[in-house]
Amino acid sequence: MTSATVSPSVAALAGQFGAAILRDRVSCGDTIVWVAPDRAHDILAWLRDDPGQDFNFLTDITAVEYRDGELPLEVVYQLRSLGRRADLRLKVELDKARPLEVESVCDLWAGANWLEREVFDMFGIAFRNHPDLRRILMWETYAEGYPLRKDFPLRGHFSRSEQTRQALAANPEAHYSLEELSIASSYHELSVEMRERLARGERGEVA
Amino acid sequence: MGLTLPDGGPQVAEVSGESPNWVTARLSDLVNWSRTRSLWPMPFGTACCAIEFMATAASRYDISRFGMERQGYTPRQADVLICAGRLPFKLAPVIRRVWDQMPQPKWSISMGACASSGGIFDNYAMVQGIDTIIPVDVYVPGCPPRPEGLLYAIFLLQKKIQGESLMDQSLRIERSMGPDGLFRAPAVIDEVSEPFGNSVHQTRSS
Amino acid sequence: MLALVVITAVAMLGLSHGLGLLLGTRRKTAIKQLPYESGMPVLGDARERFSVKFYLVAMLFILFDIETVFMVPWAVAFQQMVADRLFLLVEMLVFIFILAIGYLYVWKRGAFQWD
Numbered sequence: 009m010t011s012a013t014v015s016p017s018v019a020a021l022a023g024q025f026g027a028a029i030l031r032d033r034v035s036c037g038d039t040i041v042w043v044a045p046d047r048a049h050d051i052l053a054w055l056r057d058d059p060g061q062d063f064n065f066l067t068d069i070t071a072v073e074y075r076d077g078e079l080p081l082e083v084v085y086q087l088r089s090l091g092r093r094a095d096l097r098l099k100v101e102l103d104k105a106r107p108l109e110v111e112s113v114c115d116l117w118a119g120a121n122w123l124e125r126e127v128f129d130m131f132g133i134a135f136r137n138h139p140d141l142r143r144i145l146m147w148e149t150y151a152e153g154y155p156l157r158k159d160f161p162l163r164g165h166f167s168r169s170e171q172t173r174q175a176l177a178a179n180p181e182a183h184y185s186l187e188e189l190s191i192a193s194s195y196h197e198l199s200v201e202m203r204e205r206l207a208r209g210e211r212g213e214v215a
Numbered sequence: 035m036g037l038t039l040p041d042g043g044p045q046v047a048e049v050s051g052e053s054p055n056w057v058t059a060r061l062s063d064l065v066n067w068s069r070t071r072s073l074w075p076m077p078f079g080t081a082c083c084a085i086e087f088m089a090t091a092a093s094r095y096d097i098s099r100f101g102m103e104r105q106g107y108t109p110r111q112a113d114v115l116i117c118a119g120r121l122p123f124k125l126a127p128v129i130r131r132v133w134d135q136m137p138q139p140k141w142s143i144s145m146g147a148c149a150s151s152g153g154i155f156d157n158y159a160m161v162q163g164i165d166t167i168i169p170v171d172v173y174v175p176g177c178p179p180r181p182e183g184l185l186y187a188i189f190l191l192q193k194k195i196q197g198e199s200l201m202d203q204s205l206r207i208e209r210s211m212g213p214d215g216l217f218r219a220p221a222v223i224d225e226v227s228e229p230f231g232n233s234v235h236q237t238r239s240s
Numbered sequence: 003m004l005a006l007v008v009i010t011a012v013a014m015l016g017l018s019h020g021l022g023l024l025l026g027t028r029r030k031t032a033i034k035q036l037p038y039e040s041g042m043p044v045l046g047d048a049r050e051r052f053s054v055k056f057y058l059v060a061m062l063f064i065l066f067d068i069e070t071v072f073m074v075p076w077a078v079a080f081q082q083m084v085a086d087r088l089f090l091l092v093e094m095l096v097f098i099f100i101l102a103i104g105y106l107y108v109w110k111r112g113a114f115q116w117d
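Chains as they are written, first to last, in this note's numbering: chain A, 9 to 215; chain B, 35 to 240; chain C, 3 to 117.
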């Protein structure tokens with residue numbers, strides 16, 4: 009049953025973060041909270057770690073650009089607490105006049121990796137401290153822009169023949185190394201010590 | 035008529051030095067008969083049309099009774115490339131390479147509206163018809179086409195193959211990409227990709 | 003009779019293969035010669051280095067499998083012989099014991115550890 013009442017998380021957030029919580033709304037039974045962009049990472053970390061909140065599942069990260077050009081871009085985080093069976097939607101507004109940047113939450117939820125890559129690919133919003141920020145839906149050398157922005161034409165900027173030429177010339181695996189590909193598939197077979205070495209970025213010599 | 039390619043198609047010098055006679059005609063008949071009765075498909079299924087292809091291959095509509103017994107997902111032993119489903123630009127080099135790696139004789143069927151013309155997806159991400167990338171022999175309209183439609187396309191392809199002559203070398207040339215990295219002339223690609231029908235009303239900031 | 007079968011088989015193979023070689027089209031292009039990697043450009047060499055543990059496992063299997071193979075006819079002979087049964091048993095036990103020492107050595111050396 010959907011209810012029109014605000015989730016108790018809003019009051020808890022306001023109590024914890026005060027002015028960083030800008031406003032909230034209930035829409036179709038879902039609670040939406042707008043937060044300040046510079047505190048977004050801390051707020052999400054608290055929502056995940058606080059025992060009363062326990063939002064351990066990141067359902068989705070997406071972005072919205074409204075047709076009214078004066079409205080800012082919004083990055084939307086959809087959270088779920090599996091234990092409490094509660095949902096929460098967090099929105100971060102980004103001013104279009106400034107560089108579109110927000111802190112990455114990959115360190116909080118590992119699933120944010122691809123979700124943030126998709127937002128970057130479609131909207132051009134950069135995520136600070138993302139381990140691997142590159143395009144995911146379009147090919148990596150896609151040069152036409154960010155497709156889901158409102159100023160991006162439905163059929164793209166380039167002519168069809170140019171799009172075809174660029175698509176045929178693109179190599180989706182060009183920026184992978186053989187090591188990355190073969191290691192990625194057998195990562196779980198590596199020893200812990202080797203995984204740590206790889207994470208530190210050391211390339212040891214094969215004895 | 036409108037069935038010839040605007041850019042004239044691949045340019046071929048001569049057909050064959052030998053004149054067709056009774057022997058070559060009978061040999062052609064034999065070869066074409068064996069080719070049409072054993073067209074092994076490579077289903078390049080990307081989306082919904084692939085489901086209809088699976089339905090056609092299953093027991094009710096059974097393409098195996100028409101010789102398409104062995105479907106492989108490798109181009110090496112395939113005769114027909116059946117592109118079933120929409121093709122994103124990201125997948126374009128893949129289908130081109132798969133087509134290039136099919137040995138002659140090879141044909142292709144463009145199954146469904148998306149493979150034939152881009153279908154309902156007239157946008158930045160979808161190829162507006164795979165004939166801008168690979169040569170197509172038969173187009174199947176439908177979204178998705180019914181299995182009977184795909185079977186009819188297979189029959190049309192069989193008729194087309196039966197009309198081929200062994201002596202005609204132009205049929206078996208490898209139509210590879212041009213030096214500009216395109217299969218068709220840019221003007222042709224742009225012309226066939228022009229929006230039509232209801233698509234002309236869908237502009238959305240373009 | 004057998005010769006006829008063999009000749010027929012070879013002739014059929016030769017005919018189908020030979021006719022294919024003779025009459026078949028040959029249109030080699032650069033891309034066609036490349037290995038098929040699901041439509042992707044080729045990455046890496048097909049000849050990769052294998053981990054040596056596969057070799058180890060194969061070697062150990064051969065050794066202990068041959069030991070087992072020797073045990074089977076021994077079991078048949080043991081069943082058929084009525085006299086000297088103790089001697090036969092002790093002989094096989096010595097055989098197994100020698101190989102068991104080797105088994106223990108291999109175990110302690112860690113050859114059974116996959117990771």
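One or more hints might be untrue.
Okay, derived cross-link-like pairs now, EDC-like style, lysine to aspartate or glutamate, Cα gap no bigger than 20 Å in a straight line [what the hints assert, rightly or not]:
1. B/124 <-> A/38
2. A/158 <-> A/111
3. C/34 <-> B/134
4. A/99 <-> A/38
5. B/124 <-> A/57
6. C/34 <-> B/208
7. B/124 <-> A/152
8. A/99 <-> A/57
9. A/158 <-> B/134
Distance windows between CB atoms, simulated [as the list claims (entries may be wrong)]:
10. C/5 <-> B/215: 35 to 43 Å
11. B/234 <-> C/40: 51 to 59 Å
12. C/107 <-> A/65: 46 to 54 Å
13. C/60 <-> A/201: 21 to 29 Å
It is worth saying that the hints were derived from the structure and are not from the lab. Think of the CB as a built atom: it goes at the ideal place given N, C-alpha and C, for glycine as much as any other residue.
Here is how each hint holds up against the structure:
no. : hint                       : in the structure
1   : B/124 <-> A/38             : violated, 36 Å
2   : A/158 <-> A/111            : violated, 23 Å
3   : C/34 <-> B/134             : holds, 6 Å
4   : A/99 <-> A/38              : holds, 13 Å
5   : B/124 <-> A/57             : violated, 39 Å
6   : C/34 <-> B/208             : holds, 10 Å
7   : B/124 <-> A/152            : holds, 13 Å
8   : A/99 <-> A/57              : holds, 19 Å
9   : A/158 <-> B/134            : violated, 38 Å
10  : C/5 <-> B/215: 35 to 43 Å  : violated, 59 Å
11  : B/234 <-> C/40: 51 to 59 Å : violated, 37 Å
12  : C/107 <-> A/65: 46 to 54 Å : holds, 52 Å
13  : C/60 <-> A/201: 21 to 29 Å : holds, 27 Å
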